[in-house]
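Asker: Taking the hints into account, I'd like the entire structure generated from these sequences.
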Amino acid sequence: METWDAIRSRRNVRAFADSPIEARDLDRVLEAARRSPSSMNQQAWDFVVLTDRERLVRLARVWRYAEHVASSAATIALVAPSTSDPDERETIQFDLGQVSMTIMLAAADLGIGTCHAAVADQALARDVLGLPGDRECMWLISLGRPKGRALAPIERPDRRAIDDVVHREGW
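Take 1 as the starting number for the sequence shown in the working numbering and just add one per residue.
Rather than coming from a laboratory, the hints here were simulated on the basis of the structure.
The reader is advised that the hints may include incorrect statements.
[Said to hold, decoys possible] Quick list of in silico lysine to any residue cross-link-like pairs, SDA-like style, CA-CA up to 20 Å:
#  : residue 1 : residue 2
1  : Lys147    : Thr83
2  : Lys147    : Ala17
3  : Lys147    : Asn12
4  : Lys147    : Leu26
5  : Lys147    : Pro20
6  : Lys147    : Ala70
7  : Lys147    : Tyr65
8  : Lys147    : Glu90
9  : Lys147    : Phe94
10 : Lys147    : Leu110
11 : Lys147    : Asp25
12 : Lys147    : Arg8
Answerer: Structure representation (structure tokens):
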């Protein structure tokens, strides 16, 4: 798929087909994540990948809107150092936003659906993922083949009109 088609095809997928993701496809998505831009090239992230169904079901309990994790073929947990410094935390969040979009576009390029989820229950996430005490799970991205409707470019997305969003040379 071309980049423009991947951008137009990507959507949040919360219902996944009961089929695994090939190892080489998952590795490609993870390689794309690793190559994501990072402020000052800090790369203050680690990725924990789960494919075990029992662990995915448990991980889905970390946030009330993370049910899609339970039925995913794989979920990537975006893990970062714990910090109370607001500037450091903001930088990490920005970098993880870039990682998230890179994962989602790389997956869409392969016809793999994705959906993101927050993490409210850090204790449960830490237990399921086996995280050390100085790390926390910031986001989850579930992956799988979409159940029902395959990814394809969306011609008329439910988005604000371009003229309502774009302001040229000022507001």
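Asker: Taking the hints in turn, state whether each one holds.
Answerer: For each hint, the structure was consulted:
1. Lys147 / Thr83: With Cα atoms ~38 Å apart, Lys147 and Thr83 exceed 20 Å; violated.
2. Lys147 / Ala17: With a Cα-Cα distance of about 4 Å, the restraint between Lys147 and Ala17 holds, given a limit of 20 Å.
3. Lys147 / Asn12: Judged against 20 Å, a Cα distance of about 12 Å means the pair holds.
4. Lys147 / Leu26: Holds. Lys147 to Leu26 sits at ~18 Å (cutoff 20 Å).
5. Lys147 / Pro20: holds (12 Å)
6. Lys147 / Ala70: Holds: Lys147 and Ala70 sit about 14 Å apart, inside 20 Å.
7. Lys147 / Tyr65: OK: Lys147 and Tyr65 at ~18 Å, within 20 Å.
8. Lys147 / Glu90: Violated, at roughly 35 Å.
9. Lys147 / Phe94: violated (31 Å)
10. Lys147 / Leu110: Holds, at roughly 15 Å.
11. Lys147 / Asp25: holds (18 Å)
12. Lys147 / Arg8: Between Lys147 and Arg8 the Cα gap is close to 19 Å, so the pair holds against 20 Å.
Taken one by one, the earlier hints fail for this structure at numbers 1, 8, 9, listed in ascending order.
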